[in-house]
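**Q** Given the coordinates of chain A, assemble chains B and C onto it according to the supplied hints.
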Amino acid sequence: MAITTVTEPDKAAVTTDAAPRRRRRSVSWSRGATYLALTIGLIVTLAPFMWMLLGSFKTQGELLQRPITWWPEQATLDNYSRWLTQLDYGQFFFNSVVVALVVVVGNIVFCSMVAYALAKLEFPGKKVLFGLVLLTLMVPGVVTLVPMFVLVANMGLVNTYPALILPFLAGPLGVFLMRQFIMGVPDALIEAARIDGAGEWRIFLRVVLPQCGPPIATLAILTFLGSWNNFLWPLVIAQTEQMYTLPVALSLYSVGSNGTYYGLLMAGSVLVVTPILLLFLFLQRYFVQGITMTGLK
Amino acid sequence: MKMRNRALAFGAIGVVGMLALAGCGRADDAGQGGGGEAATVDESAAKGTIEVWAMGEEGENLADFADGFVKENPDAKVTVTSIPWTDVMTKYQTAVAAGTVPDAIMIGSSLLPSMVAAGGLAKVPGDLVDEESFNETALESTEVEGTSYAVPWYVETRVMYYREDLAEQAGVEAPKTWDDLTTFAEAMKANGSDYGIQLPMGDAEDSTQVILPFYAQAGGEVLNDAGDAYAWDEAALTEALDYYASFFTAGLAPMSGYGDAQTAAFANGSNPTFISGPWMVGVLGDQESPEWVDENVLTTPVPAGTDNNDSYLGGGHLGVFEDAKNADGAWKLIRWLSEPETQQEWFETVNALPAVTSALDSEPFTSDPRLSVLNDQLENTVAPPSVPSWNEMSAFIETEAEKVANGSSAAESASAIVAKAESLGTGW
Amino acid sequence: MVAWLFALPFLVIFAVFMLGPLLGSFAMSFTDLGVRDLRSPFSVNVIGFDNFVALFQDELFVKSIVNTFYFVGVGIPLTMALGLLLAVALNSGIEKFRSVFRVGFYTPVVTSIVAVAVVWKFILQDSGLLNTVLSWVGINGPDWLNDPFWAMPSIILMGAWRNMGTLMIIFLAGLQAIPRDVYEAAEVDGASAWRRFTSMTLPLMRPTLLLGAVLLSVGFLQVFEEPFVMTQGGPLNSTLTISYYVYNQFGYGDYSLASAAAYVLFAFIAALSAVQFRLLRSKDN
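Residue numbers (numbering that gives the first Met the number 0), protein chains in the order written: chain A, 0 to 296; chain B, 0 to 427; chain C, 0 to 284.
Since the hints were derived computationally from the structure, they do not count as laboratory data. Each hint should be verified, as a subset may be incorrect.
[Stated by the list, open to error] Computed footprint of chain B on chain A, listed as stretches where at least three residues anywhere in the stretch have a Cβ under 8 Å from a Cβ of chain B:
{"hint": "1", "stretch": "34-41"}
{"hint": "2", "stretch": "142-149"}
{"hint": "3", "stretch": "242-253"}
[As the list claims (entries may be wrong)] In silico DSSO-like links for lysine-lysine, alpha-carbon gap of 30 Å or less:
{"hint": "4", "chain 1": "C", "residue 1": "Lys95", "chain 2": "B", "residue 2": "Lys419"}
{"hint": "5", "chain 1": "C", "residue 1": "Lys120", "chain 2": "B", "residue 2": "Lys188"}
{"hint": "6", "chain 1": "B", "residue 1": "Lys46", "chain 2": "B", "residue 2": "Lys70"}
{"hint": "7", "chain 1": "C", "residue 1": "Lys120", "chain 2": "B", "residue 2": "Lys70"}
{"hint": "8", "chain 1": "B", "residue 1": "Lys402", "chain 2": "C", "residue 2": "Lys95"}
[Claimed, not checked] One-sided and incomplete, this derived list gives chain C residues near chain B with beta-carbon spacing under 7 Å:
{"hint": "9", "residue": "Asp31"}
{"hint": "10", "residue": "Pro234"}
{"hint": "11", "residue": "Tyr251"}
All figures in this text were calculated on a predicted structure; none of them were measured in a lab. We treat Cβ as the ideally placed atom computed from N, Cα and C, and that holds for glycine.
Next up, chain A with everything else stripped away, as it sits in the complex (with noise of 0.2 Å):
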């Protein structure tokens, strides 16, 4: 289905002169209703993190208290302050990050490369290669842990940087998301550069992903919050708590011998959450662009 371009109503085009006014009541009725039951919509959907962020400033004791409270009655700074003080977060944040940056990078550049190849060049063994990515987006991750686990441990990567970024360094969702929109890259242009003498990876550069702009962004994020909330693998990479990433840490000190200690995990969840919702909401303009167009195709 192709895309048609969103145009602003032409108001102009159709209302009749015989009643207007009675269009316009009935119309600002709807919208109130709208707006109501979206506030109470978004409410209760964003209750549960209201939730969270109040129990940050609770203490424990305070947390398993029945019935539960909501607004803090003896508000408290201690968890936070365990986590940026004594729990070394800032090292955790710098893994989570450095990881993640890197990562993000890797998928841009070569799921692109990969993916103009697939969209735009024809080679044999095109259709097997692109099946084959598309069948992994499939795969349930456990699958593949132990075997690449031994595998990482065999190249003595293990509990080292390279291990946490390099399997997942180019992924098939960059591939999919990509090939999707660079397939819309009208060929015209392409042939005109060629005509013009410049070679592949100059059409690459110059002519293919300065266009990109939406689908890059949306893969930034979604390469990122992956690369974020991962737990498993950083798990098991690493050997000392230097190495390990934020939701690790969150795991580890969270749940001790006297049970969960809620306030600790909320306080710590705020801190993973924190980044990526700010991330999501300086580029979710292009974000929304990137995944309707390249979801539309």
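**A** Same frame as chain A, but now just chains B and C:
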């Protein structure tokens, strides 16, 4: 034609990949599960870095605590890495598979069989420690087919906690037998509590930790004498399941098990009894206050069934990896940690009960009322069997017990458990 | 050819870190590889299809299939309805706070499950937020997560909540791609809003709706985190999904059985996707 070539190419890459794995792996793999002779450990000082994996509070405190060891062994250094409790087996399995193991590891007692089955632990040197000095049940849980793969470090056992003030109101005393406990719970409920006792429900709450003791209290043994097969006593099993379920069907215990409100319910009186370990004193103290705990909470040994009053024994052991780089240092550290004095000091640091029985013959274990209850109970304990299939077996038992609590027949569940045990085998 | 150069970096990483382990574990599912064989994987016995037979004879595995399809069967329509509802609302010409709503409804999608699960558990407890609110209108809510009947619906609800944002955005774009004059014409002809929606919007949205369904089903068939964190597969294994079963088998050390189960799941995913893709393509033509 070309497509098939590509497919072959990818297949080849995969096969080559796996071959490379096998080739690069340890070529000297003589066998699994503790092959080779156990090392001997001399009296000289330990040297070099000793890497230890530990969990929870023990993990947090061991590095500093080990300063005492370093003082006696100045050429040695102890580094401790904390591992999340919930993920120990994953880390263990992957490390063993790739040979990237530390020197020593703290082993939750229920994890030992799986670890031995995975094959990374070294046999304990025969002359390292005096086996008699340890709690018998704890020692058994370090052994597989007669060979010891770890040294007991600390133990914990479960006792009955109850609200003294509410018991007084209800006019009941600490129960001594199964029937007493039922009466006790009924009285508590009649006194105004919503329920009489909290019991765990299902796999999520590890209900085997009360069901196994019920079974033992009814006289049942889990393994046969040789220790190589399950030997469930169907009659005792039925008794245990019936007794467990009776609390739920009579409305004395909530069907939701502990839920998230365990301590809250205890504190506000809606459910004033539970069976658990020593850490609960701290948890309740955190939630209310240590003074409140002192005033209102009493502990007592678990009530006896027809045969005994064995309670669940858990705890932690210390093991050394076969592929450890500094096995000698690790064993010496473990030996130091098993000295009665060190055991007592460790108790003072993290409140973990000594696995060495002589360490319990002193203050504060003899005078402090709570500790002396634990001390008493430690003489009658039962530990889960040291077999790899226990995780799966206990998950099955927990589901069956859930069914019985929901009203189905205990006898049927008992025979289902026996059948499952046969098909599972011990897993060795 | 130069195309191979473009593809090379990806191919290397893909082959080494994805295909290799995949093929390895696929081969594994035809053996009896268990925990003790990890260090010498090539000395295991090949047992053919025994693992697969054992799977379908295990009542827990069959139950996990039923549970998973229950989750998918109810979860997909529910999530799609919510996503569509949100998209329609956001597309209905409201100008202010559009971004706020968009971000707000999308937030559940981007957060890690561990962070949110504790909160949801608190909410769904017997004396938790949901039941407290229900009691204000006189409803005595059940102990959601501990009731064998209500546990799965609770998990489904949570799954829908977490994923409706993605669909909202996809459907929003689909709606915005429908030209306004199509509606205006219908309005002039006297069609009611509901009629316009069912006879015009929905059919035009068909490809978008099917895309949403495909995306959801790949994810939902693999559902693991929600039951793992919320109910640990219970009560009475009513929330045990196929992925959870796989995880348990890994935990018991039976790697080959776990791999076999994972590949059965993979087969379901591939089959369902194939069916949906075919539907999508035929309608397009």
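**Q** Does each hint fit the structure? Answer for all of them.
**A** Results of checking the hints against the structure:
| no. | hint | verdict |
| --- | --- | --- |
| 1 | 34-41 | violated (count 0) |
| 2 | 142-149 | holds (count 5) |
| 3 | 242-253 | holds (count 3) |
| 4 | C/Lys95 with B/Lys419 | violated, 62 Å |
| 5 | C/Lys120 with B/Lys188 | holds, 27 Å |
| 6 | B/Lys46 with B/Lys70 | holds, 12 Å |
| 7 | C/Lys120 with B/Lys70 | violated, 48 Å |
| 8 | B/Lys402 with C/Lys95 | violated, 54 Å |
| 9 | Asp31 | violated, 13 Å |
| 10 | Pro234 | holds, 6 Å |
| 11 | Tyr251 | holds, 5 Å |
Hint check: violations occur at hints 1, 4, 7, 8 and 9; the rest are consistent with the structure.
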